[in-house]
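**Student:** Respectively, the protein sequence lines represent chains W and H. Quick note on numbering: the first sequence equals residues 1 to 551 in the working numbering. Quick note on numbering: the second sequence equals residues 552 to 736 in the working numbering.
By construction, these hints were calculated from the structure, which means they are not laboratory data. We put the beta carbon where it would ideally sit given N, CA and C, even for glycine. Some hints could be false.
[To be verified] Negatives, chain W to chain H, calculated, CB over 12 Å:
#1 Thr45
#2 Glu49
#3 Leu58
#4 Gly192
#5 Tyr207
#6 Ser255
#7 Arg274
#8 Pro382
#9 Lys499
#10 Asn508
#11 Phe550
[Said to hold, decoys possible] Computed, partial: chain H to chain W, Cβ under 8 Å:
#12 Asp610
#13 Pro613
#14 Val716
#15 Gln719
[Stated by the list, open to error] List of simulated lysine to aspartate or glutamate pairs, DMTMM-like, C-alpha gap at most 20 Å:
#16 Lys179/W to Asp697/H
#17 Lys722/H to Asp340/W
#18 Lys400/W to Glu664/H
#19 Lys722/H to Asp156/W
#20 Lys389/W to Asp617/H
#21 Lys389/W to Asp600/H
#22 Lys400/W to Glu659/H
#23 Lys722/H to Glu390/W
#24 Lys656/H to Asp46/W
#25 Lys389/W to Asp610/H
#26 Lys119/W to Asp610/H
#27 Lys304/W to Glu659/H
#28 Lys713/H to Asp339/W
#29 Lys722/H to Asp339/W
#30 Lys389/W to Glu665/H
#31 Lys400/W to Asp724/H
#32 Lys722/H to Asp186/W
#33 Lys671/H to Asp340/W
#34 Lys189/W to Asp156/W
#35 Lys389/W to Asp724/H
#36 Lys389/W to Glu659/H
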Amino acid sequence: MGNKHVNAIVVGAGAGGGIVAKELSVAGLSVVLFERGGWATFDDTDTDELKSQRTTVLGNAYGPDDLRYKRVVVNADGSTDLVLPSEGGYNNNAACVGSGTVSYGAMAWRFMQEDFKLKTTYGAIEGSTLDDWPFTYEELEPCYEKAEWEIGVAGDSTLNPFAAPRKKPYPMPPFSHNKEAKLLYDAAKRLGYHPFPIPMLRNSIPYGGRPACIRMRTCCGYACPVNAKCGTQNTVIPIAIESGNCELRINSVVSEIQINEQGKITGVTYFDERNRKQTQTTDIVIISASATETARLLLNSKSKFFPKGIGNENDWVGRNLQGHAYTGAYGIFEDEVYDDLGPGASVAISDFNHHNPGIMGGEVLCNEFIRMPYAFTGIRPPGSASWGKEHKTFQRLNYKRVAQAVGPYQEIPNFESRVEVDPEVKDFWGIPVVRLSGSRHEKDIEGCRLMSEKAESWLKEAGAIQTWQSVGGRGLSGGQHQAGTCRMGNDPKTSVTDKFGRIHAVSNLFVADGSLNVNNGGFNPALTIMALGYRVGGYIAGEWSKGNRFK
Amino acid sequence: MNQQAKLTRRRFITLSVLATGGICLLSRCANPPLSKWRVLTEQESSLLDALAEQIIPTDEWPGGRDAGVTNFIDQQLAGPYVRFQDTYRRGMQAVQESCKTKFQKRFEQLPFEEQTLFLKSMEAGKMEGKLWENGFDRQFFRLIRDHSMQGYYGSPRHGGNKNNVSYQMMKLDYPVIIGQNRYIS
């Protein structure tokens, strides 16, 4: 028995896909929302550091699992490694309803006006595919606002003078600072910076029918035990399901986009929860599977029209993979700076996001999420013992005396940093796996060094008696902030989708996730992915109501 | 309930077949060993105790041995770390053979300081002989160090960190009481 035809298929129930499914289903379209994972609960893994989404040595708490998934990573010397999801090189995103929004740190950044016109601001950079977005910040602003109010953000919109203009404040008041954030806040003031509370997709007061945050030590990398963290799984996806128009199909892995003789998308092939191969037909497909998996799905969908994969006529699908080179510094303080007021990160400065002489972009600098005990075993000043008595003593004496100031460095887009599909290796279902290669742009390292210097001097001003830098490296980009692989643009020769996320050469196939990002900003990208979900979903719903069936 | 307890026999075998080709585990299934451990022999466990004690020595707080690091490793070798079984067997054998050649003793019989020097040599990649070729000394050292740290500082649900010893040492109250707003001023 075949599945009933629907108006739209959304692949991936994460930050982008959950929102698109909601936008379409409340507009009256029938929707199937595919998710490769299932529902996640806090109780499955609790506060277990070794099996969280942040430290994954014993597995990813919220998927994907080591039994069925793998990837190939191409090293700098050309050799390849087979990597499992629990290994760092995999560059995983979660696999569950809500995906990363279940276990993220939940920083809710809007990109800045400059981020949408980097080429105009900085000029072309050699060896980079740097470009402007096909629209301005102002055009995306209503979508940011919608994300902030529908998913829920706590913050103070008046304290960051570098933030892009906004029409409405945040719906919830900001969080109070913990001890280390207070020290850093005061130090930033003394240095003439402009500190402010990090906007968070987390309830500071009861909101959306869910309670306020209880300030857990474990938050970033973990689900919330009281449901105070705002993700798509506890906001828009339930609304989509309640509309009666959206079926959430969990534990279902989409393997291919089906295309007919006229070059039009007709549906998808997928493996259901019992691993049976199925077909779901539809009028429209929206892929929101993350920058690596969205590119993989397009590349794995080969046909007469698209022998190199859908949308890949010009070899742009999977290119420009970018995450964030995390860069900053650590400081040891004389007294304890740890007061167990989670999740840790609460103060930020945006003084170095742009206008740094000689470098493109910059980053928002924040104090860091609480480092759990095992993670802390890797945090030592250069030259320290990595085991033995000295290491243990450091662990005991300094766990509560170390603070970190760090941020997501805005990477220069690099055409050779890319996602391909491996010619040989297949996953559990027989689907060719992702093959990752390339590295960050060589100029990124200069900016990273500058940011680490700023972070170090900030910690010193806050009273750190010993400091050291952790400078982002040149290696393979991607990670949980992965973006850029299906770039939006007006020119089909140098982009994969148009400015509404539609694959240039196909009338009824869209992308709605971080893959679209022309650049990944100097900020955590979740809120921007959500805004893009509203943009793409809103566009399709609007056209649909006007009678456009995307034929 | 911990992850290991949830691992069914069938999934366990699937896991081992996927990761190792099933050779080690299946043969062990056919000939149940006389050991209280899941994967390790008694002798191997004595060696891992000594190694864990080197990585996290006893001071005013218990060390790696008393915190159950060996139990953690044994549990993981029958679970998520089944893929490291071969590396462990090879590494533990190499450690003992090197000790036998040099000291005519087993590693765990050496004085503590001698053991430390031995591990420093592994860490620096200065071990000699065919057994340690291609950087295996460094590789096995890192594995032992990382897994010992995980066993000592990770959640007790995985068989180590007995009595929350590392959390107590680091002055972290455990368990975290869910739903208690005690930190908000």
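**Student:** For every hint, state whether the structure bears it out.
**Tutor:** Structure-based check of all given hints:
1. Thr45: violated (8 Å)
2. Glu49: Answer for Glu49/W: violated, closest chain H Cβ roughly 6 Å.
3. Leu58: With a cut-off of 12 Å, Leu58/W comes too close to chain H, as the shortest Cβ separation is near 5 Å.
4. Gly192: Gly192/W is indeed farther than 12 Å from all Cβ atoms of chain H, at 29 Å.
5. Tyr207: holds (16 Å)
6. Ser255: holds (20 Å)
7. Arg274: Correct as stated: the minimum Cβ-Cβ distance to chain H is 16 Å, above 12 Å.
8. Pro382: The claim stands: Pro382/W keeps its Cβ more than 12 Å from every Cβ of chain H (closest is about 16 Å).
9. Lys499: holds (44 Å)
10. Asn508: holds (39 Å)
11. Phe550: holds (42 Å)
12. Asp610: holds (7 Å)
13. Pro613: Status violated, d = 11 Å.
14. Val716: violated (11 Å)
15. Gln719: violated (10 Å)
16. Lys179/W to Asp697/H: violated (31 Å)
17. Lys722/H to Asp340/W: holds (10 Å)
18. Lys400/W to Glu664/H: With a Cα-Cα distance of about 30 Å, the restraint between Lys400/W and Glu664/H is violated, given a limit of 20 Å.
19. Lys722/H to Asp156/W: violated (33 Å)
20. Lys389/W to Asp617/H: holds (15 Å)
21. Lys389/W to Asp600/H: At roughly 16 Å apart (the allowed maximum being 20 Å), Asp600/H and Lys389/W satisfy the hint.
22. Lys400/W to Glu659/H: violated (34 Å)
23. Lys722/H to Glu390/W: Distance of about 18 Å is within 20 Å: holds.
24. Lys656/H to Asp46/W: violated (44 Å)
25. Lys389/W to Asp610/H: holds (8 Å)
26. Lys119/W to Asp610/H: violated (58 Å)
27. Lys304/W to Glu659/H: Cα-Cα ~66 Å, so violated.
28. Lys713/H to Asp339/W: The hint is violated at about 25 Å.
29. Lys722/H to Asp339/W: Holds, at roughly 11 Å.
30. Lys389/W to Glu665/H: Holds, at roughly 15 Å.
31. Lys400/W to Asp724/H: holds (13 Å)
32. Lys722/H to Asp186/W: violated (27 Å)
33. Lys671/H to Asp340/W: violated (36 Å)
34. Lys189/W to Asp156/W: Holds - the C-alpha atoms of Asp156/W and Lys189/W are around 17 Å apart, at most 20 Å.
35. Lys389/W to Asp724/H: Since the Cα atoms of Lys389/W and Asp724/H sit roughly 23 Å apart, the hinted pair is violated (cutoff 20 Å).
36. Lys389/W to Glu659/H: holds (18 Å)
Checked against the numbered hints above, the structure breaks hints 1, 2, 3, 13, 14, 15, 16, 18, 19, 22, 24, 26, 27, 28, 32, 33, 35 and satisfies the rest.
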